[in-house]
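From first to last, the protein sequence lines stand for chains A, B and C.
Each residue of the first sequence is one higher than the one before, starting from 1441 at the first, in the working numbering.
Each residue of the second sequence is one higher than the one before, starting from -3 at the first, in the working numbering.
Each residue of the third sequence is one higher than the one before, starting from 736 at the first, in the working numbering.
Any given hint could turn out to be false.
In silico DSBU-like pairs for lysine-lysine, Cα to Cα no more than 35 Å straight-line [what the hints assert, rightly or not]:
id: 1; chain 1: B; residue 1: Lys4; chain 2: B; residue 2: Lys62
id: 2; chain 1: B; residue 1: Lys30; chain 2: B; residue 2: Lys4
id: 3; chain 1: B; residue 1: Lys62; chain 2: C; residue 2: Lys815
id: 4; chain 1: A; residue 1: Lys1452; chain 2: A; residue 2: Lys1504
id: 5; chain 1: B; residue 1: Lys30; chain 2: C; residue 2: Lys818
id: 6; chain 1: A; residue 1: Lys1504; chain 2: B; residue 2: Lys30
If you only want the chain A side, here are some residues facing chain C, beta carbon under 7 Å, derived [what the hints assert, rightly or not]:
id: 7; residue: Phe1477
id: 8; residue: Gln1478
id: 9; residue: Val1528
id: 10; residue: Leu1529
id: 11; residue: Thr1545
id: 12; residue: Gln1547
id: 13; residue: Ile1569
I should point out that these hints are in silico values taken from the structure, not numbers from a laboratory.
Backbone N, C-alpha and C define an ideal beta-carbon position, used for all residues, glycine too.
What follows is each chain in one-letter form.
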Amino acid sequence: MRHHLVLRVVSKILIPFIILYGLYVQFHGDFSPGGGFQAGVIVAAAIVLYALIFGIERARQVFKPEVLLVIAPLGVMVFALVGYASMVLGGNYLDYDWLAANDTTGQHIGIITVEFGVGLTVASVMTLIFLAYAGRTRDIDDEDW
Amino acid sequence: MLELFLAKYNYWIVILLMMTGLYIVVARGNLVKKIIGLNVFQTSVFIMYISLGKVSGGTAPILTGKDEIFSNPIPHVLILTAIVVGIATTALGLAFVVRIREAYDSIEDDEIDDAEQQDMTRDLEGRVR
Amino acid sequence: MELLINVVLLGLLGITAIAILTTRHLFVATMLAGGYSLTSAALLVNLDAVDVAFTEAAVGAGISTVLMLGTLTLTRRREKVRKDFRWGPFLVVLATGALLVYGTVDMPAFGDPNAPALRHIVPEYIAGTRDDIQIPNIVTAVLASYRGYDTLGETAVIFTAGVGVLLLLGRRREEDEEAGTRRPERDA
Chain A
1441 MRHHLVLRVV SKILIPFIIL YGLYVQFHGD FSPGGGFQAG VIVAAAIVLY
1491 ALIFGIERAR QVFKPEVLLV IAPLGVMVFA LVGYASMVLG GNYLDYDWLA
1541 ANDTTGQHIG IITVEFGVGL TVASVMTLIF LAYAGRTRDI DDEDW
Chain B
-3 MLELFLAKYN YWIVILLMMT GLYIVVARGN LVKKIIGLNV FQTSVFIMYI
47 SLGKVSGGTA PILTGKDEIF SNPIPHVLIL TAIVVGIATT ALGLAFVVRI
97 REAYDSIEDD EIDDAEQQDM TRDLEGRVR
Chain C
736 MELLINVVLL GLLGITAIAI LTTRHLFVAT MLAGGYSLTS AALLVNLDAV
786 DVAFTEAAVG AGISTVLMLG TLTLTRRREK VRKDFRWGPF LVVLATGALL
836 VYGTVDMPAF GDPNAPALRH IVPEYIAGTR DDIQIPNIVT AVLASYRGYD
886 TLGETAVIFT AGVGVLLLLG RRREEDEEAG TRRPERDA
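The following block holds chain A by itself, in its conformation from the complex (with noise of 0.2 Å):
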């Protein structure tokens, strides 16, 4: 891969920015367009970018399989919970209302963590369906490029 000087110098002063551009989508949500899902795929697309510039191999140790099959679930888990949460405050299932003393912090504290959870699940499921279709493809060789 010593051909791809220029992809492998503009992708890695790149990808840092992406994945900075996904949190403060994830994170600003609120108040811009923008949220889990979409964070969630800004941020694999930059994994993917990573793995197509530096190899497959390189991408799996750096962004392990293992690690993303806890994250996936995990993020699911994080917003069944939050609806738990709120459970147990007194309120119904998805209920922020009562995750604060004051019904719109509750509300505040409920979207951003629940748009979390999301963002984790879609990040690491796109992320492991490239990685499992990239596991299955011989690496391209550099004439192929």
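Since the structure of chain A is already known, use the hints to place chains B and C on it.
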């Protein structure tokens, strides 16, 4: 005349896209092409929903403190989640295509059918003997 | 102006869809599908659905194209050409399309501020987001709070689909050949 055309134009194009997608799914034998057709169909449904929610003179449903007319946010929510679920199911479909290709060495439906027939006759012959 | 952009982008989408239908090269079809998604994202911005457009651009034009290309490297790039034109599917599609066009006669006009879908519950959601939840993005409020159950379900669906893909493709090809669930590569 133009007014009527513009009032229904979105729906008609959506129907054109939808039928193109349906035709690809039904008439083309290639499995990857079928999934692309499903995606075309799916996107047409997205546009349909969003068109229904559009209000002329409205803006994106983000509160700015001013008094504004908003387009209907509910179709946006439905379609937002539908897109991500759509990619997840597309990935599942493509995974099936890959496995089918590995098992039958083909992604054309008639060739898969032939291979299946051959396998069945071979099984039957084996049982007779 | 908004209406003009709408008309042009929808026309482009129609042309792209027909091109996808007619091309026999799967690589070309995949690339056209990526362009189709990007065009539809632009159209969605024009229709005020910024959140949806965002998702469509990231998912449809990004991840989806990558997955399609991944599939093509694992399968093949050309579609088999069939000479015979089959009338059955064409007539079915034509009839369905005609019925749907007939159905649009009763639909509210595009952009109608008095459409029935806008009358029910939407004003309450907008007022509720402004007064109770107090976040600017109404779509996020509806997604995470008012329709929380839906979103929980959708997240579970994504997780399930991911598990499905891993079950189908999770093992490396060498492991599959050893287990005998995969025919070895043909020599040709």
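Now for the hints, and whether the structure bears them out:
1. The hinted pair formed by Lys4 (chain B) and Lys62 (chain B) meets the criterion: a straight-line CA distance of about 31 Å does not exceed 35 Å.
2. Of the pairs offered as hints, the one joining Lys30 (chain B) and Lys4 (chain B) holds, with about 28 Å between alpha carbons and a cut-off of 35 Å not exceeded.
3. A hinted pair counts as satisfied when its Cα atoms are at most 35 Å apart, and Lys62 (chain B) with Lys815 (chain C) does not qualify at roughly 58 Å.
4. Using a Cα cut-off of 35 Å, the hinted pair Lys1452 (chain A) and Lys1504 (chain A) holds, with the two alpha carbons roughly 19 Å apart.
5. Distance restraint check for Lys30 (chain B) and Lys818 (chain C): the Cα-Cα separation of roughly 18 Å lies within the 35 Å cut-off, and the hinted pair is therefore satisfied.
6. The straight-line distance between the Cα atoms of Lys1504 (chain A) and Lys30 (chain B) is roughly 33 Å, inside the 35 Å bound, and the hint therefore holds.
7. At its closest, the beta carbon of Phe1477 (chain A) sits 6 Å from a beta carbon of chain C; the interface hint therefore holds under the 7 Å criterion.
8. Because the closest C-beta pair between Gln1478 (chain A) and chain C is about 5 Å apart, less than 7 Å, the hint holds.
9. Violation of the interface hint for Val1528 (chain A) is found here, the shortest Cβ-Cβ separation to chain C being roughly 16 Å, above the 7 Å cut-off.
10. With its C-beta approaching chain C no nearer than about 15 Å, Leu1529 (chain A) sits outside the 7 Å limit, and its interface hint is violated.
11. Of the supplied interface hints, the one on Thr1545 (chain A) is violated, with its beta-carbon coming no nearer than about 9 Å to a beta-carbon of chain C, more than 7 Å.
12. For Gln1547 (chain A), the shortest C-beta to C-beta distance to chain C is roughly 5 Å, which falls under 7 Å, so the interface hint holds.
13. Evaluation of the Ile1569 (chain A) hint against chain C yields a held restraint, the C-beta minimum of about 5 Å falling below 7 Å.
Hints 3, 9, 10 and 11 from the earlier list are contradicted by this structure; the remaining hints agree with it.
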